[in-house]
Amino acid sequence: MPMIYVDGQEIEVVQGENILEACLNAGLDLPYFCWHPAMGSIGSCRQCAVIQYQNEEDTSGRIVMGCMTPVSEGARFSLKAEKATEFREAVVESLMLNHPHDCPVCAEGGECHLQDMTVMVGHRDRRYTGKKNTYRNQYLGPLIHHEMNRCIACYRCERYYRDYAGGKDLGAQASHDHLYFGRHEEGVLESEFSGNLVEVCPTGVFTDKPFLKQYSRKWDLQSAPSICQGCAVGCNIAPGERYGKVKRVHNRYNNEVNGYFICDRGRFGSGYLNSDLRLDYAGIKNPDGSFFAVHQQQALDTAAGWMVGKKVAAIGSPRASIEANYLLRELVGAKNFAAGFSDQEADLMGSIANILQATKAINPSIKQIESADAVLILGEDVTNTAPRVALALRQSVRNKAFELAEQMGLPSWQDAAVRNLAQDQRSPMTIVSAMDTRLDDVASTCVSLAPDDIAAFGYAVAAALAGESTDNAQADATAQMLKAAKNPLIVSGSSMAHQGVINSAVAVADALDKATSMLSFCIPECNSLGLALMVADGSGSSLSGLAKRASKLDALIILENDVYRRGDKSQIDQLLASGTKVITLDMVENSTLDQSDLVMAAASYAESQGTLVSSEGRAQRFYPVHSPAAERLPSWQWLLRLASVTGHKKLSNLQNFDQIVAACAVSNPLFAGLVDVAPLNSFRDRGSKIPRQTHRYSGRTAMNSGVSVHEPQQPKDHESPLSYSMEGLNRDQPSSLMPFVWSPGWNSNQSLQKFQSEVDGPLKGGPSGVRLISSSLQGADISRQIDKVTLKAHQWHLVPMQQIHGSDELSAHTDEIAELAGRGFIAIGQKVAEKLAVTEGDGLLVKQGEIECSLEVRILSRVAKNCIGYSVGYLETQGLTAGSLVTLEADKSWQRSGPEMIASDKAAFEQVISDGGASNV
Amino acid sequence: MLSELRTMWEVLKHTFTKAETVQYPEEMPYLAPRYRGRIVLTRDPDGEERCVACNLCAAVCPVDCIALQKDTREDGTWYPEFFRINFSRCIMCGMCEEACPTYAIQLTPDFEMCEYDRQNMVYEKEHLLIDGVGKYPDYNFYRVSGMKTATKDKGEALNEARPIDTKSLLP
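Here the protein sequences come in this chain order: R and L.
Per the working numbering, the first sequence runs over residues 977 to 1897.
Per the working numbering, the second sequence runs over residues 2 to 172.
Among the hints, a few may not be true.
Claimed, not checked - To be clear about the criterion: a stretch of chain L counts as covered by chain R if any three or more of its residues have a C-beta under 8 Å from a C-beta of chain R, and this derived list gives those stretches:
| hint | segment |
| --- | --- |
| 1 | 80-90 |
| 2 | 146-157 |
Claimed, not checked - In silico DMTMM-like pairs for lysine to aspartate or glutamate, Cα to Cα no more than 20 Å straight-line:
| hint | chain 1 | residue 1 | chain 2 | residue 2 |
| --- | --- | --- | --- | --- |
| 3 | R | K1185 | L | E82 |
| 4 | R | K1108 | L | E50 |
| 5 | R | K1189 | L | D72 |
| 6 | R | K1189 | L | E75 |
| 7 | R | K1107 | L | D76 |
| 8 | R | K1144 | R | E1382 |
| 9 | L | K168 | R | E1162 |
| 10 | L | K153 | L | E50 |
| 11 | L | K126 | L | E49 |
| 12 | R | K1221 | L | D72 |
| 13 | L | K168 | R | E1134 |
| 14 | R | K1107 | L | D166 |
| 15 | R | K1189 | L | D166 |
| 16 | R | K1185 | L | D76 |
Everything labelled a hint here was simulated from the structure, so no lab data went into it.
These numbers were taken from a predicted model, which means no experiment stands behind them.
Think of the CB as a built atom: it goes at the ideal place given N, C-alpha and C, for glycine as much as any other residue.
All chains, full assembly: derive it from the sequences and hints.
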């Protein structure tokens, strides 16, 4: 590896990296703004200036930009030379000319990269006496707050939003010192990844709007390492709490999973944690249907009375931890345990769990997905079903550009040059779906087919790969594309609720038969795969199975699951019928709770710990951010206590979380890796637990003094190696225990580079999470049977459309997400709309057997023949089932909703009203 | 020898000086306006709360006796939803006053804070907020800050130019 000299110090560097990266890797503090490890260099802010000397005799040198200068053997640089430090200070001084006097009322204050860099270069006194430029702000939707005065024109927002995340509605406008970053007009940001602007912006132009409403400084937030519960991707997050409320969610770096970015559901979808719908106390149902609150012990005793010596069954949950599901399964016995999937989902998840262990392809991490150079997507709108994977797929199509750059000898971090070189050339991506997907703009080929035909297309590609002749030119071309690729990737999933689609994806992956080929499935919930692996032996029951046995059951325990979302109403009503005592553990009010006889208030993911298995098969631990409020208890603790009061032999021996994990790991060979997911409770870093609070956590002697001046002891965490305290070190510990990033002089999230072993590399604490399953590479044994359905006249094939905002059960309780989700809808093509004489926003009556729904019409640009889409998981579409055949007719009584009014319109509208009506306009 | 004599002389000399002890509380000592006693929250010259809930006082407080929560007015300006000082912990060091960017928090020459019940030493915003500007009569943070407020549009703050028209082609 080459050596360079920085201020006389010899530094070993990596060939091909730039001086800025080399300096950061060596632990030197070199200020920067526009450079970002995921987005490379463009040299626009001029902040990372250093002096480069020609040789040993050269004493004057010249100023170069660190981020634009590649390292070379023996090169000599200086960070400390007066010319360089003066230059860097001058840059900050000029950036500060127009910077408003906003820090006290800016949500970035205290974690602001501009503040850090200003202090780092030593700029203090303002010399400029002229006037400051000002800008008007824009309304950018319920998630992002805009304050354009604070901009330093580093271009990071535009480069992230347009170049990295593929957004189209935010960019640079005007020129010279009139530069403006915003939309062409006010309105909601379209990208599903807009929240990352908050972390990408080095100052306070884009800030987190929901967080702003209940703002606390970074130093006041108590944080813990956590895992996003929004979908199955398993992004690492760090929620921050103060005064008993989870105030915000930040990205937590994991270089194999989410890297620097998460999606908006993950960042903003935790608002339900502070919702009024949360349960605080256990309750027993009164005869009139209301509940009266009881103490924990009373609830346990009541439950025990209903359970001991009786026939008890239980329903688990794909959104509850492995540990809670394990305890419940042991408590009632495997035979009486239903996983809590819908019947359809249970089959799909079961087959995915088997396929992942048999296929000849790798189940890739997000990092590996980014390396794919040819992608085939079968039946998934990845942006809505596994959003973070879609962001990775957007990066994968850039591999063509990097390949071209390599041929030209261009380093990959030369961002503008690489993009200029590639122009519109991308790695190939074929999307086969029933309708529009949010990745269509980067796909080389989009094919619209009904679910059955998608499966047939997949089999045709597999046949073409096997050398058989097909009469499908598109399938042949796709096969050629995959064959020619170094790292081909096939993405499919369960969102179509179609077994054939999943099977055909495996058929393609196995037919490819390459050591580097990848197969990734988008699956619905945060622990769907973990639960599928748990019941993979087939010993359990199903929801319909339990419903049939309902009359013979004395009691039924339901763990964190609204079963009305899992099956049709009559079946669930039968299951929860009055003869059976229903005991439910959950955190938010729902229909299942209303039908229960006893409710136990479960702690949320921010108040409990557990392990989740992501779609990649990676088991990851989440930790409580704060101790449970009121009389909530983590589900695993409820179940452990229930086991103890009912005198369960096996479970009564378990005392703490680590023992449950150990027992669970022994119970199932697939879970053997669970014990290595995170350090044991006894882990100490230099003698202390890892602190959840920053070293500058404020108000400890005042925050509770309103209630009592006698300060209570800090809550104790007896189950994890983290403490509710500021004592201890947050440095170099195992990565799964990193609650926040901070380093001296680096208060913003840019301090992450001090935690990375190298720029953009893994954390110093090693990898986080354990891959539970790996493939035997034998090839999956699948049935290639497609049961083609025949449509009668005026019948349509119902295709589920997952929505990032709205389809998820819990995040939909967040106000901002609910606003973005809108009403449930039915999506049709232009031709069908003409035939039915409806336009966007009209109503359509959808009839599926007995069920009738009146839904809003959305018109899509491409829809497969005879297919219509519907928004899954919405209240309005409850009862509709994927794959069923429906009839449509225009709803004559439909009331169109008025035009959406955005904040600025509202202000203008009110102005008009107060001025004496619209005639004045 | 000489030093002992000198010492005795010095002591003897003090026999004739006036006593410094005052008959408190009948006689009040003089305390300069900058004396560091009971903390107050002041208002700006327009009569609005000066505190913008920036949390700097709480962060700098060495005994962590200040707790507050930010809230937002309709016009987007910040103010504390609650502001609590636990005077039973306060050491009157004045660092909060030094840290305050809006002159909101000020220490006053009132040191007479005695209670039989410690709980009474916990002051909420209604106890802290006074109807005056305190030691700094003229300062109003929002006239300097670049934020738009109910009474001030963009570009109307101190030393600000009119908002830029991004569609203009003029230099």
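Any hints this thing doesn't respect? Which numbers, in order?
The structure conflicts with hints 4, 7, 8, 15, although it agrees with all the remaining ones.
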